[in-house]
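**Q** Read the sequence shown against my numbering and you will find it ends at 106, with the numbers running on by one and no gaps.
Read the hints as simulated data drawn from the structure, not as lab findings. Nothing here was measured: the structure is a model prediction, and the numbers come from that model. Please note: incorrect hints may appear among the correct ones.
[What the hints assert, rightly or not] Under the rule of at most 25 Å between Cα atoms (straight-line distance), these lysine-lysine pairs were calculated in the PhoX-like manner:
# : residue 1 : residue 2
1 : Lys41     : Lys17
2 : Lys5      : Lys17
3 : Lys6      : Lys17
4 : Lys17     : Lys7
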Amino acid sequence: MEKKKKKKLDSFDRKLQDFESRLNASKKEPYFNLSSEDKELWRIVIRAGVELFSVFFVSVVIGYGLDYWLSTSPLFIVLFSLLGVCAGVLNVWRMVNPNDKRLK
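All chains, please: the whole structure from these sequences, using the hints.
**A** What follows is the structure in structure tokens.
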């Protein structure tokens, strides 16, 4: 029983040290020294953030315009901001979904 626990702990320690070494190595390297996989990951992260923010911003602006035009208080801002968040999450989900039929 003790040997199993010790093996699990040793395995966990090795995994943790490996992760820490990769984490520390990526912190020290500037962007242009990163591997192509890491650069691609950063591109995806930045694109996802831009997509979420831009869809939300446009939907709030449309909601504000409709509220101003129709003299309704916060009705369309709330409605369009919820729709914008849903659309942004859907766009990011489509971007990172590994089972996307369009990629096959």
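**Q** Indicate, hint by hint, whether the structure satisfies it.
**A** Cross-check of the supplied hints:
no.: 1; hint: Lys41 x Lys17; verdict: holds (23 Å)
no.: 2; hint: Lys5 x Lys17; verdict: holds (18 Å)
no.: 3; hint: Lys6 x Lys17; verdict: holds (17 Å)
no.: 4; hint: Lys17 x Lys7; verdict: holds (15 Å)
Hint check: no violations occur; every hint is consistent with the structure.
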